[in-house]
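Residue numbers (the numbering used here), protein chains in the order written: chain A, 11 to 235; chain B, 13 to 293.
Bear in mind the hints are in silico, worked out from the structure with no lab data behind them. Treat each hint with caution, since some may be false.
Unchecked claim - These stretches of chain B come out as covered by chain A in the derived footprint (C-beta under 8 Å, 3 or more residues): (1) 77-86; (2) 136-147.
Claimed, not checked - Dumping the calculated DSS-like pairs for lysine-lysine here, alpha-carbon to alpha-carbon at most 27 Å: (3) B:Lys54 x B:Lys127; (4) B:Lys61 x B:Lys159; (5) A:Lys154 x B:Lys127; (6) B:Lys186 x A:Lys227; (7) B:Lys163 x B:Lys186; (8) B:Lys127 x A:Lys195; (9) B:Lys290 x A:Lys227; (10) A:Lys135 x B:Lys159; (11) A:Lys58 x B:Lys61; (12) A:Lys154 x B:Lys182; (13) A:Lys58 x B:Lys127; (14) A:Lys154 x B:Lys186; (15) A:Lys135 x A:Lys26; (16) A:Lys135 x B:Lys61; (17) A:Lys177 x A:Lys195; (18) A:Lys154 x B:Lys163; (19) B:Lys127 x A:Lys135; (20) B:Lys290 x A:Lys135; (21) B:Lys71 x A:Lys154; (22) B:Lys71 x B:Lys233; (23) A:Lys154 x A:Lys227.
Said to hold, decoys possible - Interface residues of chain A toward chain B, partial, derived using beta-carbon atoms under 7 Å: (24) Leu146; (25) Pro158; (26) Gln159.
Ideal Cβ positions, reconstructed from N, Cα and C, are used throughout, including at glycine.
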Amino acid sequence: MDLFRVLTDASPLLLKGLRMTVGITVLSLILAMVLGVITCLFAISESKPLRPLRWLAAFYVWLIRGTPMLVQAMYIFFAMPQLLEIISGRNVQISVFTASLVALTLNAGAYLSEIFRGAINAVNKGQMEASRSLGLSYGQSMIKIILPQAVRICLPSLVNQCIITLKDSTILYAIGLAEVMYYGKIYVGRTFESLATYTWIAIFFLVVVSLLSFISKRIERRLSL
Amino acid sequence: MAVNPSEMNEKNMAADTAETASEEQTVANGHKEKQIDRSDPKIVVRGLKKSFGTLDVLKGIDAEIDAGEVVCVIGPSGSGKSTFLRCLNLLETPTGGEIFVDGECITDRSADINKIRRHIGMVFQQFNLFPHMNVLDNITVAPTTLKILSKTEAESRARDLLGQVGLSDKADYKPSDLSGGQQQRVAIARALAMRPDIMLFDEPTSALDPEMVGEVLGVMKQLASEGMTMVVVTHEMGFARDVADRVFFIDEGIIMEQGTPEQVFGNPQNPRTQSFLKKVL
């Protein structure tokens with residue numbers, strides 16, 4: 011059958027692409043988690059001296075949520091070097107990989123911060139009060155009482171964001187990142203096997219996403235309150 | 013003053029204790045010696061005010077609560093009882109006035125509120141147990157996080173406390189597997205794990221099914237008999253009458269009337285107290 015012949019034939023190329031797709035997704039998600047937590051902490055801070063950080067967080071989320079990922083990627087890869095050149099007067103180069111990683115991280119980070127913020131707000135207000143009444147500080151209460159509950163609350167949305175980021179990484183094909191679509195396109199250009207190639211790429215995403223959903227369901231069940 | 017325990021019922025006892033300051037008494041259940049020292053109050057509240065925006069909830073509360081005293085706070089809903097209680101451990105920040113605990117001004121900007129709260133336990137209407145921890149961890153989390161006790165010490169204290177509240181067999185349960193009354197008793201044990209010398213109760217039985225009210229009040233009575241300083245916001249007039257040394261009737265943000273349960277329940281002076289009691293008794 012054609013489908014399987016294409017698979018064996020295209021697999022060296024597609025596997026290279028898959029490695030990049032999964033690699034950049036995992037790496038950017040790890041960075042985005044950190045970015046998301048920090049942004050979220052800025053966004054929920056109530057102290058007056060931290061007000062500018064709160065504005066910064068709000069601005070960042072507003073900017074990312076308000077623009078398409080494709081525009082963000084193009085902007086970082088093509089527009090940023092020009093901007094940096096105007097500012098610094100030097101020729102600045104950003105590699106495709108760096109630009110892709112930054113775009114994917116900034117994008118996921120903004121959404122994750124909103125997911126975390128929502129989850130923290132969803133923890134009953136009495137939990138913080140009970141914890142503070144025992145003498146725990148705000149930070150201790152966050153770490154011991156609020157965040158463990160927030161993680162359970164946000165888990166489904168968190169997995170959802172991981173799935174979105176995985177799929178969105180294909181957009182980076184537009185700035186030339188050598189991910190799965192990039193190699194798929196090369197193979198199709200060489201052999202005209204559009205149907206088989208794109209079927210396999212679609213199947214790959216379906217399998218990975220199904221796997222993620224399955225794992226998340228199991229974790230969810232185990233962590234249920 | 014020597015008192016023959018057999019001649020006293022619990023009700024008289026509370027009143028007597030309040031009146032005979034600084035004198036030891038052996039009371040009905042035999043193991044309690046209650047001592048109230050009026051010269052050096054545990055909590056002093058002066059001109060306490062709290063507003064939420066334009067809404068003045070507390071309009072100047074003055075009160076002194078002595079070590080070992082049990083004060084029940086009663087009053088209509090929205091009168092400021094809970095806000096008063098929550099100001100005592102600064103869960104609400106007062107907008108005016110001062111609060112002293114053991115002579116230390118806790119409303120002072122420089123006061124270390126986290127330290128102060130360690131000595132003031134609080135029990136909430138909605139229990140507020142930590143749902144992601146089992147019963148034992150709920151009780152040990154504060155003393156271990158604050159490095160007051162080691163894990164093993166905290167666990168042995170927690171098991172003692174669970175015994176005291178009659179839940180020795182529930183250490184490994186999740187809060188969601190317990191009844192309301194059981195959860196509230198765990199919440200009391202959790203607060204006691206910090207060895208507080210003051211306990212605040214914010215309508216501790218209001219969220220309970222009627223058949224579970226007794227078990228929680230029983231634990232509170234026990235605590236009172238052991239000499240704990242307690243401030244209890246409650247709608248349980250029977251409990252107030254039996255256990256309180258003094259009753260505060262709060263309405264419209266001030267203490268309208270206060271006195272022994274006999275005075276407040278038996279012979280209320282303020283017309284608002286009279287009409288409130290007529291409705292609830």
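For each hint, the structure was consulted:
1. 77-86: With 0 residues closer than 8 Å to chain A, the segment 77-86 of chain B misses the three-residue bar; violated.
2. 136-147: holds (count 7)
3. B:Lys54 x B:Lys127: 16 Å, holds
4. B:Lys61 x B:Lys159: Not OK: B:Lys61 and B:Lys159 at ~35 Å, beyond 27 Å, violated.
5. A:Lys154 x B:Lys127: 18 Å, holds
6. B:Lys186 x A:Lys227: Satisfied, since the Cα-Cα distance of roughly 21 Å is no more than 27 Å.
7. B:Lys163 x B:Lys186: 19 Å, holds
8. B:Lys127 x A:Lys195: Violated, because 65 Å separates the two Cα atoms, which is more than 27 Å.
9. B:Lys290 x A:Lys227: 56 Å, violated
10. A:Lys135 x B:Lys159: Holds, at roughly 25 Å.
11. A:Lys58 x B:Lys61: Distance of about 23 Å is within 27 Å: holds.
12. A:Lys154 x B:Lys182: 22 Å, holds
13. A:Lys58 x B:Lys127: This hinted pair holds, its Cα atoms lying about 23 Å apart.
14. A:Lys154 x B:Lys186: Holds. A:Lys154 to B:Lys186 sits at ~16 Å (cutoff 27 Å).
15. A:Lys135 x A:Lys26: 49 Å, violated
16. A:Lys135 x B:Lys61: Holds: A:Lys135 and B:Lys61 sit about 23 Å apart, inside 27 Å.
17. A:Lys177 x A:Lys195: 16 Å, holds
18. A:Lys154 x B:Lys163: With Cα atoms ~15 Å apart, A:Lys154 and B:Lys163 stay inside 27 Å; holds.
19. B:Lys127 x A:Lys135: 21 Å, holds
20. B:Lys290 x A:Lys135: 35 Å, violated
21. B:Lys71 x A:Lys154: Answer violated: B:Lys71 to A:Lys154 is near 36 Å, above 27 Å.
22. B:Lys71 x B:Lys233: 31 Å, violated
23. A:Lys154 x A:Lys227: 24 Å, holds
24. Leu146: At 6 Å from the nearest chain B Cβ, A:Leu146 passes the 7 Å test, so the hint holds.
25. Pro158: 5 Å, holds
26. Gln159: At 5 Å from the nearest chain B Cβ, A:Gln159 passes the 7 Å test, so the hint holds.
Violated hints, listed in ascending order, are 1, 4, 8, 9, 15, 20, 21 and 22; each of the other numbered hints is respected by the structure.
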